[in-house]
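K.L.:
Listed here are the chains, written in short residue letters.
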Amino acid sequence: MVKCPVKLKVNGDEFELYVEPQRTLLEVLREDLGLTGTKYSCGAGECGACTVLLDGESVVSCMTLAVEADGKSVETIEGMAKGGELHPIQEAFLEHGAIQCGFCTPGMVMQAKALLDENLNPTEEEIKQYMRGNLCRCGTYPRMVKAIIAAAEKMKKSRAR
Amino acid sequence: MREMVDDKKDFAVIGKNVWRVDGVRQVTGAAKFYADLKLPGMLYAKILRSPHAHAKIKSIDTSEACKLRGVKAVITAEDTPKIPFGIMSLPIYVDKLPLEDKKVRFYGDEVAAVAAVNEEIAESALDLIRVEYEVLPPVLDPIEAMKPEAPLIHEDKKSNILKEFHWVLGDFEKQKGESDVVVEEEYRTSQPLPLPMETYGCVINWETSGKLDVWAGEQMPFWFRTQLAKALNIPSSMVHLNHIHIGGGFGGKNCLFPTEPVAAILSKKTGRPIFIALSKEEQFRVSRTRHPYIIKIAHGAKKDGTLTFREAKIIMDKGAYADQGPGVLGDSAWGLGAVYRVPAVKYDGYVVYTNKNYGGGFRGYGLPQVAFAIESQLDTLAEKLGIDPLKLRLKNANQVGDVTVNNTSFASCGFTECLHKAAAAIGWEEAKKKKTPYHGVGIASFIDYTGSRGVFGDTDFASAIVSLSDDGTLNLICVGIEFGQGYETVMCMIAAEEMGVPVESVKIHWGDTDIAPYNIGVTYGDRSTFIQGNAVRMAVADAKKQFLDVAKEMFEAKAEDLDIKDGKVYVKSSPGEAKTLEEVLAWAYFTGRKNPKTPIIGRGVYDPDSVMRDHEKGMSPKPPSHCPTYPFEATAVEVEVDPETYEVKVVNMVQAVDCGRVLNPPMAHGQIDGGTAQGLGYAFTENLVYDGEGKLFNDSYANYKIMSSADIPPTINIFADVIDPKGPFGAKGLGEAPLITPAPAIANAVYDAIGVRIHDLPITPEKIFKTLSEK
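Protein chains in written order, with this note's numbering: chain A, 1 to 161; chain B, 1 to 775.
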């Protein structure tokens with residue numbers, strides 16, 4: 001099959017790839033780049049486990065073709081901690097016990113980042129609505145909401161510094 | 001409440017908000033799940049599934065599929081040993097082949113499998129397999145299935161009734177005769193599935209040397225090993241289940257999947273590792289489910305509310321294969337005899353095959369169904385008696401010192417505490433005094449169990465070993481499974497507390513059948529914290545004793561005068577002169593090895609004082625029945641029913657649990673939150689729906705709705721704070737309890753709001769409308 005050239009910037013690293021046009025961004029991240037932190041669950045954009053940021057916007061990477069991401073910047077869970085330091089969202093998820101089996105966690109953390117990059121003062125209701133596409137069968141939702149509120153506070157403080 | 005010695009102890013680790021041991025790996029995406037593995041030369045497998053709910057397989061032609069470029073192997077039942085498997089050990093319950101040979105019995109049944117260089121080619125090859133079926137009439141309704149003229153689903157059996165149970169406990173006729181009030185109703189429950197986010201699958205490498213390596217989400221490592229070896233007709237020792245992160249389970253991963261023997265056979269045939277992952281649609285189509293029940297139930301009571309008898313006839317809609325059906329129904333039957341003080345119980349139970357998804361383990365294991373019936377009916381009874389539903393429950397709640405009619409007794413019992421606390425938090429008294437139109441409150445409570453003697457014979461043991469490294473690290477090996485519930489962290493906390501070291505000093509190795517001491521099941525029946533936790537505590541206590549026996553020589557003191565705190569050893573009378581474990585161990589291990597007591601290895605085996613049940617008689621020969629202890633729970637809710645659309649909105653919810661001492665509060669809250677989310681799903685949305693031919697309608701998150709962040713009402717979690725005398729640091733199980741009571745509490749609140757009693761789950765606006773229009 002014909003392969004298309006795709007340039008991706010993933011967590012700051014640049015890649016030039018040739019991918020078949022039907023392949024999803026999720027497949028390319030997991031299989032070609034070995035970034036398995038982003039999870040495959042439903043393959044239909046219904047659960048949010050594969051959420052990544054594309055030029056800062058959250059997308060479900062199982063419903064995004066790799067060719068659509070050409071020339072764009074992708075952030076995945078692997079890019080969140082910098083220089084051995086956890087991102088405030090990751091830290092807050094740990095502090096508030098917002099993790100159980102962890103399978104939905106990478107997608108949740110990325111969706112939370114999209115939210116907080118856009119709005120550092122979300123209400124509880126805004127968080128619940130913004131995160132509703134990220135399903136968690138362990139039911140960590142109440143603690144996730146608490147963690148995101150705490151993360152927003154942490155991020156505000158670090159910005160104020 | 002009985003107090004234990006530990007109760008007076010100031011804990012260093014227990015009860016603290018310790019971060020998850022696996023947490024950093026999870027939030028950074030570093031945690032590896034089976035689907036993240038890529039072995040050199042790995043092939044990808046797909047399974048051809050039945051398009052019919054009930055059909056004979058007349059012929060299978062794989063020749064075209066074999067010819068497809070990139071296909072490395074195609075197998076049917078003829079390539080397998082055709083050894084049926086099942087979780088229950090009795091031969092009549094072992095009826096599922098990895099690939100079916102003569103018949104398919106539900107839409108999704110396994111027929112053939114392909115291994116290819118990628119998943120797309122494997123999928124394309126499935127389309128080239130030609131199967132000739134003789135379609136048979138599907139049997140979808142268990143009541144129809146019980147009739148003598150119903151088509152037989154398993155032709156080697158005389159009828160579709162796999163098993164019947166009939167027993168009477170107590171002086172039933174006398175109690176029934178002396179009842180002032182009797183209520184009798186029928187309740188029906190739905191068919192939800194565990195649905196972990198991670199779909200079922202595995203990576204299997206069957207080396208030419210004979211070694212068979214498996215990476216799979218499996219809750220019961222050693223039992224998995226036994227089952228897989230049996231299905232492949234090889235010795236268990238050849239099978240090695242490797243440690244891997246598991247993306248949730250909720251009971252759904254407690255038994256061998258057909259995918260595992262299929263992948264193993266494909267690996268052997270190709271000489272290459274096999275990767276197989278079910279799609280989400282397949283996960284819906286073939287998942288084991290919670291069994292739907294038809295429950296005819298009756299209760300009797302004296303005028304003052306004292307319960308006199310309970311009578312239940314349960315028809316379990318088994319689905320296509322036996323799997324854990326009789327075991328699940330056995331636990332339902334235990335609940336009938338155990339919950340509340342009921343002096344007489346009569347029971348008839350039927351396990352009935354149908355051509356649908358087969359039931360298996362799912363959080364609650366037989367209790368959510370009977371809890372829905374019993375707890376709904378107690379409200380009906382309370383109304384007839386003119387007694388407040390809360391007071392009726394309190395009057396009959398189990399207490400420490402009781403022995404129930406089926407010989408269940410309680411090491412600790414927070415039933416009453418749960419009821420009081422849940423009612424107080426929801427504002428029960430106020431709500432009952434001042435009625436708001438279309439608003440209602442409801443309460444439901446139930447028993448749960450911790451452990452389960454009898455799953456693997458007359459035992460319920462767990463084992464652990466711990467060795468002390470030269471740097472003072474505790475290397476803890478215990479096979480259990482971490483799949484979100486917190487096993488890893490809680491075991492490390494128990495070990496750290498017992499030894500007197502920080503949690504960071506404990507390294508745990510779990511989920512590996514080649515390195516762990518032999519252990520039966522491990523992760524089911526809310527037993528890890530209690531049973532495995534006690535074994536870990538014993539292993540560490542053993543190591544600590546040995547360590548102090550060595551340290552005493554260095555300190556020139558008596559062992560009993562030494563103690564360990566924060567990782568340091570000291571003579572109690574002079575805590576200032578402390579040494580680290582590392583200092584003591586370096587001295588003990590490396591100074592000429594004069595000491596035959598080193599290196600230090602502690603051993604712990606715990607088998608509780610529980611007693612096996614006789615399922616034919618419906619009871620254990622003596623207390624405390626099959627578990628050492630029993631958790632309790634109560635849910636109280638306030639609902640608002642929309643007068644136009646009949647949608648039910650949960651305005652407030654309270655979940656009260658008696659799980660003994662809370663070892664890690666955030667993780668304990670997490671377990672309740674999970675029960676809340678899945679309990680709301682059981683109440684309102686979750687149910688598999690089939691068409692008239694037995695084909696599944698809803699096979700995606702889009703048409704099988706699970707709760708999202710936006711669906712969770714304001715909820716207060718409460719712990720009863722009852723300390724269990726036998727539990728590790730006073731703890732008992734927790735995972736399953738919070739799912740059991742939300743559905744009946746909501747049903748009771750709906751009745752309180754608009755006077756409509758919903759008798760079948762899930763509770764939908766259509767059913768409320770229908771019931772109202774029939775009134």
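Hints listed in this document are in silico derivations from the structure and should not be mistaken for laboratory results. There may be inaccurate statements among the hints.
Unchecked claim - Quick list of in silico lysine-lysine cross-link-like pairs, DSS-like style, CA-CA up to 30 Å:
hint : chain 1 : residue 1 : chain 2 : residue 2
1    : B       : 775       : B       : 435
2    : B       : 507       : A       : 72
3    : A       : 128       : B       : 507
4    : B       : 579       : B       : 565
5    : B       : 435       : A       : 7
6    : B       : 32        : A       : 72
7    : B       : 579       : A       : 157
8    : A       : 7         : B       : 38
9    : B       : 565       : A       : 82
10   : A       : 3         : B       : 38
11   : A       : 72        : A       : 82
K.L.:
Confirm or reject each hint.
P.N.:
Now for the hints, and whether the structure bears them out:
1. B/775 with B/435: holds, 22 Å
2. B/507 with A/72: Since the Cα atoms of residue 507 of chain B and residue 72 of chain A sit roughly 42 Å apart, the hinted pair is violated (cutoff 30 Å).
3. A/128 with B/507: violated, 36 Å
4. B/579 with B/565: holds, 10 Å
5. B/435 with A/7: With Cα atoms ~64 Å apart, residue 435 of chain B and residue 7 of chain A exceed 30 Å; violated.
6. B/32 with A/72: At roughly 27 Å apart (the allowed maximum being 30 Å), residue 72 of chain A and residue 32 of chain B satisfy the hint.
7. B/579 with A/157: Violated: residue 579 of chain B and residue 157 of chain A sit about 41 Å apart, past 30 Å.
8. A/7 with B/38: holds, 24 Å
9. B/565 with A/82: At roughly 35 Å apart (the allowed maximum being 30 Å), residue 82 of chain A and residue 565 of chain B break the hint.
10. A/3 with B/38: Given that 30 Å is the threshold and the Cα spacing comes to 23 Å, the pair holds.
11. A/72 with A/82: holds, 21 Å
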